[in-house]
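Chains V and Y, in that order, are what the protein sequence lines are. For what it's worth, the UniProt record's numbering labels the leading residue of the first sequence as 1, then goes sequentially. For what it's worth, the UniProt record's numbering labels the leading residue of the second sequence as 1, then goes sequentially.
Just so you know, the hints here were simulated from the structure itself, not pulled from any lab data. If you're wondering where the values come from, they're calculated on a predicted model, not measured in any experiment. Please note that the accuracy of each hint is not assured.
[Unchecked claim] List of simulated lysine to aspartate or glutamate pairs, EDC-like, C-alpha gap at most 16 Å:
#1 V:118 with Y:358
#2 Y:409 with V:8
#3 V:46 with V:27
Here's the letter readout for the chains.
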Amino acid sequence: MSEELYHEKLVDRAQAGRAKGRLDQPDKTATLDNPLCGDRVTIDLKLADGKVLAAGHRTRGCLLCEAAAALIVEKAPGNVPAALLPLADTVRQFLQKNGPAPAGWPAIEEFSPVRTVKSRQDCVLLPFRALAQALSS
Amino acid sequence: MRAPKPFDPESCRSQFPILTEPPGGLPLHYLDNAATAQLPAAVLTAVRRHETMSRANVARGVHRLAEAATAAYEDARSAVAGYLGVTDADEIVFTGGTTASINLVAYSFGETLGPGDEVLVSELEHHSNLVPWQLLATRRGVALKVLPVTEEGRLDLDRLPSLVSKRTKLLALTHCSNVTGAITDIGPIVAAAKSVGARVLIDGAQRAPHGPLDLPALGIDFYALSGHKLYAPNGVGVLWGRRELLSKMPPFMGGGGMIAQVDLETGTSFADIPRRFEAGTPPIAQAVGLGAAVRWAQALDWAGIAQHEARLTGRILDGLGAIKGARVIGPTGLQGRLGVVSFTLDGVHPHDLCQWLDRKGVALRGGHHCAQPLAKRFGIAGTSRASLAPYNNDADIDALLAGLEDARKRFA
Ligand SMILES: Cc1ncc(COP(=O)(O)O)c(C=O)c1O
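Chain V on its own, in the form it takes in the complex:
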């Protein structure tokens, strides 16, 4: 199971994401903690013309959490906030209810092994919840 969980794409995504840091002067930012493990994610956003222009993060977390934050930083720019806000919930449905990957985010499929590892689902969701909180801040 862990073999699948930590497949190469996910590990590479997480590791590559470490190089992308926070934004210099974000318009919006939010930091969330997972009280169970002490992990902490910050998501920064720059907005222009009603769209996300750039995203940054700082993740003190496990690989699953890092990979999710890296995915957000990569894919969020170009989207309108209204398209990003429901992500936390669709990703939750994807993990917990076998729901479909959110439209435009096929890479979420990389997290499908987490569906069977209940204890780690919050690790993936934390950055998405931070994104939603940043957008609403």
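Given chain V's structure and the hints, the job is docking chain Y with the ligand onto it.
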């Protein structure tokens, strides 16, 4: 008492059904004993026998089963008293666990404290020996003082004189850290407390599973422990307190079983200890299991176990020393410690590591271990932790070390 048989790890291991026949037929290298230890057959049998032969409520009925249940419950109390070196079994209060025991003291003994009084805790306490005191501080205006931790992950006892004063009413400290494995030297703590007339509560959750104790000889006033870490079921724990102290403390929870007389006009008077602190139906079968567990434990050769566990601990420490990017949080030697080893591995998050090791049947714990101030002290979010019990063997350590090297290659 008869001299115990020399310790034989494999024969000890063979008494644990979950280890001899692991669930799903998968290998199991259980190194999460500091969180919860496994149950020997003797305990499983005792609990089953109790539930099938003498299940009833205690101290209430007069029928045969009620008599048998009460006798079994009180017999468990005597067994626990024996394990803890306590001659007066009434000083043994059954609770739900260490957390419940400490909260009992924080609410009951805590009622006698107020503004101007201080409680001393430490930076490495488990949240269950920290948050009850923070709550007391808020509730009653008591001040909290915090004993710092050394680089080695031990209580910095040299700082006691500067933190203990006439205002100090209680020192609430751990007997052994659930993160660093460091054993606390109780002597200086008791001396510091005595010099100002303060009381001492020791959190024994981690130390109690590693051999019998003589609590009165330690010079302390309260001791808290959990059954589930002591080869017994969960849901039961112990608060030991000196009779003269417990007898003067107000009840914590009210309810059945803890009263002498209840009267709506003249008010209620309370039972003597230990019943005064055991409101409601206690965890009877669990207590019976704890009684069986401490009897089982008391018959073991603890000097032999200490050697065995020290050798395995040494293997873990040496193994970590040879792994690139591994850092031990806590003592790196074998002096003054138990077989609880926390470490970080550069570039590998504890939860990824634990998940990865789980595929080889190695059960570790990762995270802050309910000791967030300690993690902060060491500038980390958490650690991975291997913790030993007498039934661990070389194969467990081999699997751990091989898994760590493998994880480093995969993730770091
Ligand atoms: C040192 C220490 N104190 C207190 C506790 C709390 O024990 P329980 O959860 O059984 O109440 C633990 C358990 O992890 C512990 O290790």
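Here is how each hint holds up against the structure:
1. V:118 with Y:358: Since the Cα atoms of residue 118 of chain V and residue 358 of chain Y sit roughly 15 Å apart, the hinted pair holds (cutoff 16 Å).
2. Y:409 with V:8: The given pair, whose Cα atoms are some 13 Å apart, holds under the 16 Å limit.
3. V:46 with V:27: 5 Å, holds
Checked against the numbered hints listed earlier, the structure breaks none of them; every hint is satisfied.
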